[in-house]
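Spelled out, the chains give:
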Amino acid sequence: MFTSSPNIATVKTTSWKVVLPFYLYAAISFLAATVLLFLAADGFTAHYFQPHTLAVTHTMALGWGTMIILGASHQLVPVIIEGKLYSNKLAYMSFVLAALGIPLLVYGFYVFDMGEIAKCGGILVLLSMLSYIINLGKSIAGSQSKNVHAVFVFTASLWLFITALLGLALLFNFTGLIMPDSSLHYLPLHAHLGIVGWFLLLVIGVGTRLIPMFLISKYNNPKLLWQIYFLLNFSLLSFVVFFYFSVPGGYNFVSYAALFLAVFLFLIYCRKAYMQRIRRAVDEQMKLSLLSAAMIAVPLVLLAAIITSLSVTAKASSALVLSYGFLIFFGWLTAIILGMTFKTLPFIVWNKVYHLQSAKGKTPNPKDLFHHGWYKAMTVFYLAGLLIFCAGIIFSQTMILKTGSSLLIATAFIYNMNVIKILWHKASL
Amino acid sequence: MNVITNNNLQCTVALATLQDVYDPEIGLNVVDLGLIYQLDFDDEQKEVFCSMTLTTQFCPMGESITDGVRTKLQDCFAAYKVNVQLTFDPPWNYELISEGGKKYLNH
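The listed protein sequences correspond, in order, to chains A and B. For the first sequence, the residue numbers in our numbering are 1 to 429. For the second sequence, the residue numbers in our numbering are 1001 to 1107.
Source of the hints: derived by calculation from the structure; they are not laboratory data. Incorrect hints may have been included.
Claimed, not checked - Restricting the straight-line Cα-Cα distance to at most 30 angstroms, the calculated cross-link-like pairs of lysine-lysine (DSBU-like) are:
no., chain 1, residue 1, chain 2, residue 2
1, A, Lys362, B, Lys1046
2, B, Lys1103, A, Lys272
3, A, Lys223, A, Lys343
4, B, Lys1103, A, Lys362
5, A, Lys218, B, Lys1102
6, A, Lys343, A, Lys146
7, B, Lys1081, A, Lys362
8, A, Lys367, A, Lys343
9, A, Lys362, B, Lys1102
10, A, Lys287, A, Lys272
11, A, Lys343, B, Lys1102
12, A, Lys343, B, Lys1103
13, A, Lys362, A, Lys343
14, A, Lys17, A, Lys352
15, A, Lys84, A, Lys426
16, B, Lys1102, A, Lys223
17, B, Lys1102, A, Lys367
18, B, Lys1046, B, Lys1081
19, A, Lys287, A, Lys352
20, A, Lys287, B, Lys1103
21, B, Lys1103, A, Lys376
22, A, Lys89, A, Lys119
23, B, Lys1103, A, Lys218
24, A, Lys17, A, Lys426
25, B, Lys1102, A, Lys287
26, B, Lys1102, A, Lys376
27, A, Lys367, A, Lys421
Produce the complete structure using the sequences and hints provided.
Take a look at the structure:
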């Protein structure tokens, strides 16, 4: 007779009500960022420190990248840590605080007024990050599995908090000097911690769990992931130490070498997971996600060029720095999100609409919830817009920049149409 | 795919009906995916016991898949009480996929 296993688990995932507001907010932010990019196109022919460029960067980094990652991670963290999300209330709080804070902050940058509105925005964003870290930490503490992926995600959230804290200090430093140097001096530190500490660490931690899962790959190598983890954190910590003690630029090569090696190992991990997959057919969303993993190599080549230029001439070309930043946020990060949105969002909505009807009749597949023609058009507009805008930065031509940003507006518009189509999906049984 | 059972005939019927329950992400049914570990039948108490797993614990689709299995078994064995238990011991791995399932995924 049947004997029940002692290892019985109940399966309750995070409610869609927690996750979907993040996705919707991020989609609107992406559209807003592309419109701001179009309006600020002139700024990409000059120095990178421009009010409008700062506004675009923070709309992309916070409104688009961070909001969608926070939303997706509330859904995916239970899968990664094999435990429940600690608190839905903290997740809502995290959303509301960031949703209120980001527009205030971006407005402050756009009009270049670092007064009360921008400061209030910065504080709200910081509190949002704090809610997220508490929720994540409590969830991990209560979970059964403390695996390498969970460590990646938690460490990334700590770097996010440090980045936001430094950002807030820079904001206060604009109106009254509270730091030894001007805010511009600390900008590379703020940017580097955010890009490598938050985005890269998190993307690698989550990506190395999701890519093999979606491909049904036999490949699993926690040892390699720990090596990547230590390399990235060594790179970040050494960068902070060298920056703080104003160590001559040459020593920074140690930090960058660790970063490049970590990314190289990550790409090897992705390739091996792809080669050892059981599922041969790879859908369009996964193709774009895999392409985006490789796309990290492009800004890294630019970073190497910037470092070389800094060590030879003690200054880097603005076009090089702008291309690097643009390819991080509109290239690598956006490509990941464009792919992963249509891999995760349809499942969340499918679960909401059909989870009680899955065996009662023929339900559509999650991938049927969005328009594949629109998705292909979005990908074409996106790649064209990305390349043309980059050409505009290199040749310093406003007309080319406007053309590229128009194509990116079209990309964001189609993306929003598809997101709305998914969110408003009604049961077709 | 080896499903433990105390009644081969009823198990065959149950597995045939469970081939209509799909993992929506993978597009493969729960039987070929190797999610069903055990199917026992108590004809005296009129009970069906199903022990199954998921490809990953806290799978966002988990509730939908287990509900699907429960509904299908209840439809098939209307006079029986259906009891579906979820286990992760042993955890699922790709070797549990049937030959037919592997062929489908390799296609």
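These are the hints, each one checked on the structure:
no., hint, in the structure
1, A:Lys362 with B:Lys1046, "29 angstroms, holds"
2, B:Lys1103 with A:Lys272, "21 angstroms, holds"
3, A:Lys223 with A:Lys343, "27 angstroms, holds"
4, B:Lys1103 with A:Lys362, "23 angstroms, holds"
5, A:Lys218 with B:Lys1102, "13 angstroms, holds"
6, A:Lys343 with A:Lys146, "25 angstroms, holds"
7, B:Lys1081 with A:Lys362, "25 angstroms, holds"
8, A:Lys367 with A:Lys343, "8 angstroms, holds"
9, A:Lys362 with B:Lys1102, "23 angstroms, holds"
10, A:Lys287 with A:Lys272, "15 angstroms, holds"
11, A:Lys343 with B:Lys1102, "22 angstroms, holds"
12, A:Lys343 with B:Lys1103, "23 angstroms, holds"
13, A:Lys362 with A:Lys343, "21 angstroms, holds"
14, A:Lys17 with A:Lys352, "9 angstroms, holds"
15, A:Lys84 with A:Lys426, "28 angstroms, holds"
16, B:Lys1102 with A:Lys223, "28 angstroms, holds"
17, B:Lys1102 with A:Lys367, "21 angstroms, holds"
18, B:Lys1046 with B:Lys1081, "6 angstroms, holds"
19, A:Lys287 with A:Lys352, "26 angstroms, holds"
20, A:Lys287 with B:Lys1103, "22 angstroms, holds"
21, B:Lys1103 with A:Lys376, "28 angstroms, holds"
22, A:Lys89 with A:Lys119, "25 angstroms, holds"
23, B:Lys1103 with A:Lys218, "16 angstroms, holds"
24, A:Lys17 with A:Lys426, "16 angstroms, holds"
25, B:Lys1102 with A:Lys287, "21 angstroms, holds"
26, B:Lys1102 with A:Lys376, "29 angstroms, holds"
27, A:Lys367 with A:Lys421, "12 angstroms, holds"
Figure legend: structure checked against the earlier numbered hints; every hint is met.
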